[in-house]
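Chains A and B are the protein sequences, given in the same order.
When the count follows this note's numbering, it moves up by one through the first sequence with no breaks and lands on 325 for the last residue.
When the count follows this note's numbering, it moves up by one through the second sequence with no breaks and lands on 325 for the last residue.
These aren't lab readings, by the way, just hints derived from the structure by calculation.
You may find that some hints are simply not true.
Capping the alpha-carbon separation at 27 Å, the derived lysine-lysine pairs in BS3-like fashion look like this [what the hints assert, rightly or not]:
#1 B:Lys102 with B:Lys175
#2 A:Lys186 with A:Lys261
#3 B:Lys102 with A:Lys87
#4 B:Lys231 with A:Lys175
#5 B:Lys195 with A:Lys105
#6 A:Lys117 with A:Lys25
#7 B:Lys221 with A:Lys88
#8 B:Lys231 with A:Lys102
#9 B:Lys175 with B:Lys40
#10 A:Lys195 with B:Lys175
#11 B:Lys117 with A:Lys195
#12 B:Lys117 with B:Lys195
#13 A:Lys195 with B:Lys260
#14 B:Lys283 with B:Lys195
2 protein chains.
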Amino acid sequence: MLDEKILAVLRNNRDTYISSEELCKIADISRAAVWKHIEKLREEGYDIEASPHHGYRLVEIPDSLIPAEIRWGLKARIIGREIISYKKTDSTNDVAYALGEKGAKEGTVVISEEQAKGKGRHGRHWESPAKGGVYFSFILRPTIAPSEIPIITLLSAVAVAKAIRQVAVLGALIKWPNDIMIEGQKACGILTEMKAEQDRVDFLVVGIGINVNTHQRDLPKGAISLKEALKKEGLGGSVSRLELIRKIFESIEREYNLLKKEGVSPIIEEWKHYSAMLGSRIKVMLHGRTFEGQAHDIDSDGALLVRLESGILERVSSGDIVMVR
Amino acid sequence: MLDEKILAVLRNNRDTYISSEELCKIADISRAAVWKHIEKLREEGYDIEASPHHGYRLVEIPDSLIPAEIRWGLKARIIGREIISYKKTDSTNDVAYALGEKGAKEGTVVISEEQAKGKGRHGRHWESPAKGGVYFSFILRPTIAPSEIPIITLLSAVAVAKAIRQVAVLGALIKWPNDIMIEGQKACGILTEMKAEQDRVDFLVVGIGINVNTHQRDLPKGAISLKEALKKEGLGGSVSRLELIRKIFESIEREYNLLKKEGVSPIIEEWKHYSAMLGSRIKVMLHGRTFEGQAHDIDSDGALLVRLESGILERVSSGDIVMVR
C-alpha cells in the first residue's frame, strides 16, 4: 500500500523531481524507509532516477502484470476489481476456478506471465511461454442456464478482437468458437469453464491467452503474436500489454453490460461483424466425423450453422473448424 | 482388508460356528489378532457370537453404510466401484465434486449417514438428519454437452423410483424435475452439479438424499420417510438401507447404459410412466413470475411443457412446481 502511495506521487509528477523530504511527509515514514520502498519498486522494474540534489523521478513504468499498474486508469468497475498476479502458475483458469468455488466475486482476475499447464479446449494444452504473453482468467456470475454459456465466449471474443484492433491496430478476426486470428494465424484463444446445476450456472471462468509480444520461435505452429504481426506489416515496436489488458477488461465489461441490458442479439451481430469465416468454406471435425460446407451463420445460442452440399443447414455446437482454401 | 476376509468367511458360514483356529489359518494371523479383528467388527455394529467351544458365528449385519457391506452382492459394475463412506460430512456433493476435480473415476460414490450442510437446488439447504437417512453422491463422466444434463437427473429419478418400488413396495412417483414423492410428500431429492466447458461436460455429480427410516419428528414439513409411509399404510418395519442402496446403484447403472445405447427416448418414456404430475394442474414459479397450467409433457431435453389457459404450451426448463388441488 505504501509502495502504491509513493508510486502514485511519482507518477503524478513525472515531469519533475520529488524530494525525499516530500515523500517522507506524504508517506509518513523516514528517509531510509523511503529509500527501501524506492528500491523495492526498482526491483519490480520501475526505472526511478535518484538525484542527490533534486530527489526522485519516475522515468519508466515496466510493462509487467503488476495489479496496481493494470488498475491504473482502468475504467472497468467489475472486471479487474480484484487482480491476483503470478510470474508463473500452472493454469490461471484452475486458480480462478478454485477461487470461484470459495465464493470469489464476479470480475476477479487471475493473471500470469507464464503458464506451466495452460489449458485449451477439451483438455488440450495451450502453449503459454514467458516473455511477451498475457494469460488471464476472470470469474463471472451471471444468472443464466448452462446452455446459454456460449454467448459468454462469443462476447469475450468480440471484446478481445475490438481491444486488439484499438491498441495494436491489427485486423483481428474471430474464428468460431473461440480463437482470435490475425492474418490467418492464431493470436489468442479463449476457454470458458463453469460450475453449474442443470438449470443454473453457479459461476464461470473465462480464460484468455494472447500472444502479445511473444517471439515467433517461442510460439507453436500456426500461432502468431501481435508483435510479429506488426513486423510482418512492416511496422516495428511492441504492444503495451498493460494498455491491451485494460482495454480488454473495459471491452468485456461493456459487452457484458450490453448482454444484460439488450440480450444476445447485439453481441451476435458484433460477432458476425468480426467473423473470420462466415461465407467461407470450412471443414468441421465433430465426434470423429468430418464434413465440409459453407459457414453460413451463427444462431442465438451461439451455434454455427453450416450449409452442406445438399443445401441443408447443419447446426454445429461443438467440434473443431478448419478453413478450406 | 483382513477384516473383510474374516467377515467374508463368517458371512459364508452363517448357519454354523467357525473356530478361531480356522480363522487363524485363513487370515494367517495369531489367535489374539483374530480376536482384535472380531472386536473391531463388533464396534462397527456386527453382532458376532463367540462360543468358547465352537468359535465365532455371525448373528447380524448392521444396516450401516460400510463400503464392504454396500458392495456385498452388488451387481453394479461402475456405480459404487469406489465407495467413500462418512458418519457425517458437510455435503456428499461437495466431497464428490472435489474428487471429480482430482480425476476420480466414473461411478465413485461418496456416502454419509448425516450431512451438516446438505445441498438442495439453487443454493438451498437439504435437511439431512442422522438416523435412518441415506445421502450419497456419485460421479459420472458422460461425453455430453451441458445442455444434455437434465436427462441425467431424470434418469436418476427413474432409477430411485424403481428401486423404492422394488425394495419398499411403495408407490414412489416423480415430481419434475428432481423429487421423489410418496403420497404427495417428499421422500427423496436429487441435485445434479457439473464442471463443464461450453460444449463438453468434464464430470458431473448426482447427489441423492433419501428419507429411508427417518422418524417423522426429524423431517422438515412436507417430507416423509419410507418407514413412515409404510406405517401410514398399516405396514410396520423399517427398510434395509443396504438393500435399497444396492438396488439404486444397479438401477442407475442400468438406466445409464440404456441411455448410452438407445438415447433419451426410453428414459423419457419411463419418466412419464412414473410421473406424479403429468395431466395435473400445477403452479410454476420461475424468476419471480408465477403462472398456472396443466403439466402436459416433457420434451427430449427434459424440459416440462405446461399448457396455459390460452392453450399455448410453455416450455419450462427451470423454476419450481407446486401441484394445485
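Against the structure, the hints:
1. Between Lys102 (chain B) and Lys175 (chain B) the CA atoms are separated by roughly 33 Å; this puts the pair beyond 27 Å, and the hint is violated.
2. Taking the CA atoms of Lys186 (chain A) and Lys261 (chain A), the gap is about 31 Å. The hint is violated against a cut of 27 Å.
3. Simply put, Lys102 (chain B) and Lys87 (chain A) have alpha-carbon atoms about 25 Å apart, close enough for the 27 Å limit, and the pair holds.
4. Distance hint between Lys231 (chain B) and Lys175 (chain A) is unfulfilled; the C-alpha atoms sit about 63 Å from each other, more than 27 Å.
5. Restraint check: the Cα-Cα separation between Lys195 (chain B) and Lys105 (chain A) comes to about 19 Å, which is no more than 27 Å; the hinted pair holds.
6. With a C-alpha separation of about 46 Å, the suggested pairing of Lys117 (chain A) with Lys25 (chain A) is violated against the 27 Å cut-off.
7. About 52 Å separates the Cα atoms of Lys221 (chain B) and Lys88 (chain A), which puts this hinted pair outside 27 Å; it is violated.
8. Distance hint between Lys231 (chain B) and Lys102 (chain A) is unfulfilled; the C-alpha atoms sit about 43 Å from each other, more than 27 Å.
9. Restraint check for Lys175 (chain B) and Lys40 (chain B): not satisfied, since their Cα atoms lie roughly 43 Å apart, outside the 27 Å limit.
10. Between the alpha carbons of Lys195 (chain A) and Lys175 (chain B) the distance comes to roughly 25 Å, so the proposed pair stays at or under 27 Å and holds.
11. Between the alpha carbons of Lys117 (chain B) and Lys195 (chain A) the distance comes to roughly 19 Å, so the proposed pair stays at or under 27 Å and holds.
12. Distance hint between Lys117 (chain B) and Lys195 (chain B) is fulfilled; the C-alpha atoms sit about 20 Å from each other, no more than 27 Å.
13. Of the supplied pair hints, the one linking Lys195 (chain A) and Lys260 (chain B) holds, its CA atoms being roughly 24 Å apart against a limit of 27 Å.
14. Annotation: proposed proximity of Lys283 (chain B) to Lys195 (chain B) is violated, straight-line Cα distance about 31 Å (limit 27 Å).
The structure shown violates the earlier hints numbered 1, 2, 4, 6, 7, 8, 9 and 14.
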